[in-house]
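S.K.: Here is how the chains run, residue by residue.
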Amino acid sequence: MIGKKIRLNRLFDKSSKKIVIVPMDHGAYMGPINGIENIEQTIIAAHEGGADAILINPGIMRFIPTNLLGELSIILRITNTNVKSEIFPYEPVISSVSNVIKLGIDAIAFTVNIGGLYDLEGISEFGKVNEECQEYGIPLLGEFLPAGAKMVDPYSSENVKFVARIASELGADLIKTNYTGSPETFREVTSTALVPVVIAGGETMGTDKDVMLTIEGAMKGGGAGICIGRNLWQRKNPRKMIEAACKIVHEGASVNEIIDKL
Amino acid sequence: MIGKKIRLNRLFDKSSKKIVIVPMDHGAYMGPINGIENIEQTIIAAHEGGADAILINPGIMRFIPTNLLGELSIILRITNTNVKSEIFPYEPVISSVSNVIKLGIDAIAFTVNIGGLYDLEGISEFGKVNEECQEYGIPLLGEFLPAGAKMVDPYSSENVKFVARIASELGADLIKTNYTGSPETFREVTSTALVPVVIAGGETMGTDKDVMLTIEGAMKGGGAGICIGRNLWQRKNPRKMIEAACKIVHEGASVNEIIDKL
Amino acid sequence: MIGKKIRLNRLFDKSSKKIVIVPMDHGAYMGPINGIENIEQTIIAAHEGGADAILINPGIMRFIPTNLLGELSIILRITNTNVKSEIFPYEPVISSVSNVIKLGIDAIAFTVNIGGLYDLEGISEFGKVNEECQEYGIPLLGEFLPAGAKMVDPYSSENVKFVARIASELGADLIKTNYTGSPETFREVTSTALVPVVIAGGETMGTDKDVMLTIEGAMKGGGAGICIGRNLWQRKNPRKMIEAACKIVHEGASVNEIIDKL
Amino acid sequence: MIGKKIRLNRLFDKSSKKIVIVPMDHGAYMGPINGIENIEQTIIAAHEGGADAILINPGIMRFIPTNLLGELSIILRITNTNVKSEIFPYEPVISSVSNVIKLGIDAIAFTVNIGGLYDLEGISEFGKVNEECQEYGIPLLGEFLPAGAKMVDPYSSENVKFVARIASELGADLIKTNYTGSPETFREVTSTALVPVVIAGGETMGTDKDVMLTIEGAMKGGGAGICIGRNLWQRKNPRKMIEAACKIVHEGASVNEIIDKL
Amino acid sequence: MIGKKIRLNRLFDKSSKKIVIVPMDHGAYMGPINGIENIEQTIIAAHEGGADAILINPGIMRFIPTNLLGELSIILRITNTNVKSEIFPYEPVISSVSNVIKLGIDAIAFTVNIGGLYDLEGISEFGKVNEECQEYGIPLLGEFLPAGAKMVDPYSSENVKFVARIASELGADLIKTNYTGSPETFREVTSTALVPVVIAGGETMGTDKDVMLTIEGAMKGGGAGICIGRNLWQRKNPRKMIEAACKIVHEGASVNEIIDKL
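Chains as they are written, first to last, in my numbering: chain E, 1 to 262; chain A, 1 to 262; chain Z, 1 to 262; chain G, 1 to 262; chain U, 1 to 262.
Read the hints as simulated data drawn from the structure, not as lab findings. Among the hints, a few may not be true.
Repeated chains share a single entry, so a pair holds when one copy, or any two copies, can fit it.
Said to hold, decoys possible - Derived lysine to aspartate or glutamate pairs resembling DMTMM-like cross-links, with alpha carbons at most 20 angstroms apart:
id, residue 1, residue 2
1, 102, 131
2, 102, 132
3, 4, 184
4, 261, 86
Just so you know, these numbers come straight off a predicted model, no measurement behind them.
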């Protein structure tokens, strides 16, 4: 387990022990949406904004600027689906732990939509990947989200804490899940998840300030950081948005302190 | 088979030859329910109460206090499902015998819901795991439960003895199944199961005394012990409940003898 | 193929070249029915009655009395289903040829219900097991039974000879199938099956004499022996029933000669 | 590929470069039909009649007379289904290339029913077997037949040439398919199939002469030979029928020349 | 990755850095259609017309004239389906990367129909093949096409750019997809695809000039070349059509310059 500890320590910011992940894996899910059409620019913006890590698909490894290799941590998504698929939201595995090792990647991201008709296939695959991650010391980010007819509201603390705990019971080292809307409700999630939790950004929020308030709320609710993409790089100035997010996450800045600089 | 014998002897209490297992694998099935929100405390309570073993999911290995490693036997659940899944109650395999060996775990727990549409997949996987358990000498706890439209009452002795016998015919060393409600009916199960049987606790029972009466009944009916979670650690004083259960299971105490100390 | 010949010769009675198999694999299919509740006693009765072999599930190996190991041939069932399953009658594989070799078992029993929706999965698995049996010289008993909407009467000679021939074309060394009701109709099966055929006993028959008449008829129809369980060990005196069956099978006795001794 | 060439040359008649295959694999598909009840006799008749090869199922290897081993080429069917199966016409794989090598078999026969709901599974398996056949130099006979709702007439040249070409594109060295009814229409198949094509016999034809006219037509249409079973060995004198077929295929005899000797 | 670079450089024309691929893999999908009945002639025409590569099925390797081996690049299709299949358009894998290496093939073509009910199986298989291609340095051509009820128009730039980007996110080195009808709309695809894009020809277009206008449009829209079959080799003079296409792709000729020579 020492390999995992080394890699986990390297992934998190050394002083704050928090993490800002900028996901830009949307291309394989929604196509070339605004903000990642030129993925190299998005990667550079994430780095310049101070992000700790990016979350990408296997084919994007080729487009990371050479000077950033080893500078910016890379989390590789190894499951995939797309919005046009009719058996959405099942996400099959598309890459392997051995590939991740060969490529020097820092952590694996694996999505399971809990509930519905396909979650058990995902759970079974997650179990196998977890064993390999344990053996080779690769950190495992579980993106666990509520889904299916039995979980109507995917943002309720009841449903979010349900899926977050499943993730840690199955071995996740870090959990990405939905923000529940307030620090109090999100505290229910973070206090029972057993491992660090970062929030997904999801659909577009209103103003830049709304985004920052969400981040602030998640941190107040015990979050370990963020994994927000569209709500950062689809804004007018992605780099500034990422910088602001880092200030809240890593320095504990309040939204009021940073809002003028956006 | 000598490896199995060594490990089985170590699992059961040396003088009574009975076993008290405290399962706390509910997190991956129902989320962070009351009593396991802080799993480390539940593990400590089980140990202090005198339990022989705990039953956990793979991701919980990290949270066992270091001083308890080797002190408290660990049974690892290697199948999993959750209450929000729409193909419940199929339980796919999520971990392997080789992983169990690497982690120094004392026994495997494998659930098969007999009856219904998915039992044959479970039986087939159980068969493979059984062969590996035989080869490497790992005790196999079969949690076999009645399910499906052909078994309306999952607590009838007819159905419980049916599933228990399937478990032993397929190789289980120890069976966890439902209590049938009385020593006489439970005797039908234990006298035809061929291997030791422990009872599941299931849904919340009325008073603490009701729990103890159930345990007493199971032991009178020939049970080899218990595998009860919620009805012990969701009570006011989990540690005392576990202690009381141990007295009944290991020392043959009657409910009357112990009821005042709860 | 010399390994197969050695094992097949050892399985059949040396002078009569016939075989009496007492199956007691019902526990994993129907639960602990009367006659096998205490499986050790049933094994002993089979041996004392003069049976050549017993047919059991993997978990029952543990209950064979030590002094009978090597005395009584063991045929291991490596497929399984149960009467409460809703996808009955598909029988998945639950054990492997390599396990059979490790355990010193004399032959494998593999059930395929021909016809219906699941037979091709069974046939495909049977093909793989057949190749391994060929390679390692393990005799393969094919229990092939008519099933599905296209075979209304599972006892008609038309259907029974259909499934028996499929078994031998796919590699079975010995076939277990239904008795067709008369020596003449059963001759149609045995004369076209290419390999020896033993009859299943099936549901409870009327009197002890009815059982013996069935056995006599099968032998007159060219049968190689029997594989009857419930109709022998659910009777008042299992051992005597097995002895009587052996007299008919091995010594060619008529029912009239043996009926008074029952 | 030199291994394939050696084995293919050996399979075809050395002077005519044509082939007469007598299939007798029907037992696993239709049961012990008339003409193969005693399979050894059918094998002998095929040899005495001058056939180049027989096509059999794995379990029939045991019944080839020892003196014919190495005398008569053997093509092994490694897919299987039966007429009572309700998911007919999918044919799963039941044997492996490595088994075929061990047994010294001359070629593999693999059936894919093109069209319908199951062909893609067959095509995928065929692709894997083709790669192994290429690696080990084993000739691959593709029995490709039109099936499914989109191909109403399985004997039309449009449908037959469609499936024949798929077979060669996927790697078949020799194709078995339906006869289209006339030399002209069959020429459409053979001229676009890229590899040699032999005809299946199919259902019972009227007179012996009808059978011979079919064979003559296939050869006139560019066929490489025949793979006919029932229409040869279900006739009064199988050996003579096979002899007559050989005269047409290998010596280019006309039906008129040979019809009096039947 | 150096192996990939070597093979990719070799695949593209050295001076123009564009590519003309002539696919002739239709036989396994539509049968022996006009233009590929004699596949050897089509291969020769492609070579004489100046094509950089042909795209074929595994069974066609045998029909490449010996003198063209090493002269004409070969892209092997390793997925397959056919127009008569009722589960069309799922395309299972029929060949392996290791086979491709053994045969000295220059690149792999893998089709995934994005959208609908089967795309996730294809995506999962594509992911595995991508890892092997990366490891062994084999270029991977992703033929990604819009399909399913959620993508009504498979030629809209919205849908085409969606599928093209998925291909590159998953690792494709080169993308084959539909032409969107105009240079402007096609530019939306090529500017967001991250890797080179070639167009499929699809159904028969009107005149030879229409074909050339399409090619010209694709190149103006940023295309890396073409992968057109029927619209070249089903024309009166395939060789001349291919020559003309090469002039547009490699020399940047306008349709007006070349139209008189057709």
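S.K.: Does each hint fit the structure? Answer for all of them.
M.R.: Hints, verified against the model:
no.: 1; hint: 102 with 131; verdict: both (17 angstroms within a copy, 10 angstroms between copies)
no.: 2; hint: 102 with 132; verdict: both (14 angstroms within a copy, 12 angstroms between copies)
no.: 3; hint: 4 with 184; verdict: neither (31 angstroms within a copy, 49 angstroms between copies)
no.: 4; hint: 261 with 86; verdict: neither (43 angstroms within a copy, 48 angstroms between copies)
When held up to the earlier numbered hints, the structure conflicts with 3, 4 and fits the remainder.
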